[in-house]
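First to last, the protein sequences are chains F and U. Here my numbering is used: the first residue of the first sequence is 1, the next is one more, and so on. Here my numbering is used: the first residue of the second sequence is 229, the next is one more, and so on.
In case anyone wonders, no lab produced these hints; they're calculated from the structure. Where hints are given, some of them may not hold.
Below, simulated EDC-like cross-link-like pairs (lysine to aspartate or glutamate); rule was C-alpha separation at most 20 Å, straight line [claimed, not checked]:
#1 U:279 / U:294
#2 F:86 / F:108
#3 F:86 / U:241
#4 U:236 / U:427
#5 U:254 / F:91
#6 U:256 / F:108
#7 F:225 / U:274
#8 U:254 / F:210
#9 U:237 / F:138
#10 F:222 / U:368
#11 F:136 / F:109
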Amino acid sequence: MDKHQLPDLIINGVSGGAGGTYNNVNMDGVGKVVGPIVARMFKGNGHMNLNDDLTAEEAECNGVIKVMGNMRFGTLKVDGVLNVGKSFRGDSCTLNGMVSVKGDCELEDFVGEGSFNVGGLLSAGHVDFKLQSQGKADEIGVESLVIRQANNGFWSKMFSGIIPKLRPELCARTIEGDFIDVEYTTADIIRGNIVIIGPGCTLGRVEYREQITVHPEAKVGKVEKVGE
Amino acid sequence: MEDDLISKKQLLDLTGISYGQLYRWKRKQLIPEEWFIRKSTFTGQETFFPKEMILSRIHNIVNMKDGLSLDEMADKLSDKASFEKVSITAKEIIERNIVSTTTLRKFGESLGDESKYTFEGLVHLFAVDRLLSAGEMSMEEAELLFRTLEEKVSRLESGSWELFFVRKMGVSSFILARAPAELWFDEGVRLVSKMTYADLIEQLKGKLAYKLVE
Numbered sequence: 001m002d003k004h005q006l007p008d009l010i011i012n013g014v015s016g017g018a019g020g021t022y023n024n025v026n027m028d029g030v031g032k033v034v035g036p037i038v039a040r041m042f043k044g045n046g047h048m049n050l051n052d053d054l055t056a057e058e059a060e061c062n063g064v065i066k067v068m069g070n071m072r073f074g075t076l077k078v079d080g081v082l083n084v085g086k087s088f089r090g091d092s093c094t095l096n097g098m099v100s101v102k103g104d105c106e107l108e109d110f111v112g113e114g115s116f117n118v119g120g121l122l123s124a125g126h127v128d129f130k131l132q133s134q135g136k137a138d139e140i141g142v143e144s145l146v147i148r149q150a151n152n153g154f155w156s157k158m159f160s161g162i163i164p165k166l167r168p169e170l171c172a173r174t175i176e177g178d179f180i181d182v183e184y185t186t187a188d189i190i191r192g193n194i195v196i197i198g199p200g201c202t203l204g205r206v207e208y209r210e211q212i213t214v215h216p217e218a219k220v221g222k223v224e225k226v227g228e
Numbered sequence: 229m230e231d232d233l234i235s236k237k238q239l240l241d242l243t244g245i246s247y248g249q250l251y252r253w254k255r256k257q258l259i260p261e262e263w264f265i266r267k268s269t270f271t272g273q274e275t276f277f278p279k280e281m282i283l284s285r286i287h288n289i290v291n292m293k294d295g296l297s298l299d300e301m302a303d304k305l306s307d308k309a310s311f312e313k314v315s316i317t318a319k320e321i322i323e324r325n326i327v328s329t330t331t332l333r334k335f336g337e338s339l340g341d342e343s344k345y346t347f348e349g350l351v352h353l354f355a356v357d358r359l360l361s362a363g364e365m366s367m368e369e370a371e372l373l374f375r376t377l378e379e380k381v382s383r384l385e386s387g388s389w390e391l392f393f394v395r396k397m398g399v400s401s402f403i404l405a406r407a408p409a410e411l412w413f414d415e416g417v418r419l420v421s422k423m424t425y426a427d428l429i430e431q432l433k434g435k436l437a438y439k440l441v442e
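Working from the sequences, and respecting the hints, build out all of it.
This is the structure we're talking about:
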């Protein structure tokens, strides 16, 4: 590649910037960027608004970040709230907070704690997630999926009674995968090789190939073994 | 059209792959997004695939998997250019059983230099051979088809085409249309066979994949 050093984009305080190809993008405070950003390293602290695509090898989002376009990344760390207008694609994502994606979500590793909302398909290699409030996706297709409810204290229980969105549970239409281990999940269909259904699940139908375990506190409409 | 599609569940049963593998290959763009066709059925919404294309694609992936990483494979499968550069000798075609000896002997020479066949030429040979070996077409008809392909395909600029082979009162004819095409015939017409360019190249890619691995 050429030796030319790419510029950095640094925003401090309340300011704006233009899109482009950067080496480092560092934003602290309140910022708005017009145009697509391509960066090696993206760091956002505070309240950021990007009205186009974001592509970064490494990204770190602390605070409230809004990306109107597509988001591509190698690794991503989120502490706070991330909103993506279109699709969300990357290698690994560590989440502590909330992610909301309007389009499809394609990840190799998806770990963390908090909540997520995916409008389309959530496709991932491994998902290991602790829900503090609702996790939602239209469809889920994974190699392995482990969903746990984060420690459910008194306050959480009390709020979730008032606002359904705060109830820590996973909602999806279909869940398909090789290894599925879920609790507190509502879905129409779960299809998998090895399926472990934990407490608090409400499922329409479960299809499995190799192994199934159903917790006595789970409500399952129909269990079926398929393929041979 | 129902026959041309295969549901996700059938596909997994047939090929022995798992959900995880399917999604992984999709993420790596080994299987194009357009092949995932959503349809509602009585059990809710289901995903379907174009049958021949997905079966040969999965066959290709499974066979190439040992030699290459998934990323390398995605590059090779997605770009047709790497296949277009492939040239193959008559001997290899017979050895690899890509086209039968009869077809090759009959039509091989007209493609020019005997020792090197181009990808496009091979597609035509392959199409003719498929119909011939299925016993659906006589030798004279094969000649007609081969001539038609050679002359007319280059005029279809979009590249992708479909071929309809029909018979009426013992008279056969070939119809070449730009894909995607839907044709309706009168009652007396029997559609003997239909082939799409996309299917053909997908199958050929499978047979030629070894060339890229080397």
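Q | Hinted pair residue 222 of chain F and residue 368 of chain U, Cα distance within 20 Å | A | 58 Å, violated
Q | Straight-line alpha-carbon gap residue 225 of chain F to residue 274 of chain U, limit 20 Å | A | It holds: about 18 Å lies between the C-alpha atoms, which stays within 20 Å.
(Q) Checking one constraint from the list: CA of residue 254 of chain U to CA of residue 91 of chain F, max 20 Å. Satisfied? (A) 14 Å, holds
Q: Please work out if residue 237 of chain U and residue 138 of chain F have their alpha carbons no farther apart than 20 Å.
A: 19 Å, holds
Q: Assess, step by step, whether the Cα of residue 86 of chain F is no farther than 20 Å from the Cα of residue 108 of chain F, and give holds or violated.
A: 18 Å, holds
Q: Please work out if residue 86 of chain F and residue 241 of chain U have their alpha carbons no farther apart than 20 Å.
A: Roughly 33 Å separates the two Cα atoms, so the pair is violated.
Q) Are residue 279 of chain U and residue 294 of chain U close enough, with their CA atoms no more than 20 Å apart? A) Cα-Cα ~24 Å, so violated.
Q: Below or equal to 20 Å on CA atoms is what counts here, so check residue 256 of chain U against residue 108 of chain F.
A: This hinted pair holds, its Cα atoms lying about 10 Å apart.
Q: Verify the proposed pairing of residue 254 of chain U with residue 210 of chain F, using a straight-line Cα cut of 20 Å.
A: Between residue 254 of chain U and residue 210 of chain F the Cα gap is close to 24 Å, so the pair fails against 20 Å, i.e. violated.
Q.
Hint check: residue 236 of chain U vs residue 427 of chain U, CA-CA at most 20 Å. Holds or violated?
A. Answer holds: residue 236 of chain U to residue 427 of chain U is near 19 Å, not above 20 Å.
Q: Could you grab the alpha-carbon distance between residue 136 of chain F and residue 109 of chain F and see if it respects the 20 Å cut-off?
A: OK: residue 136 of chain F and residue 109 of chain F at ~17 Å, within 20 Å.
In summary, the structure is inconsistent with hints 1, 3, 8 and 10 from the numbered list given earlier, while agreeing with the others.
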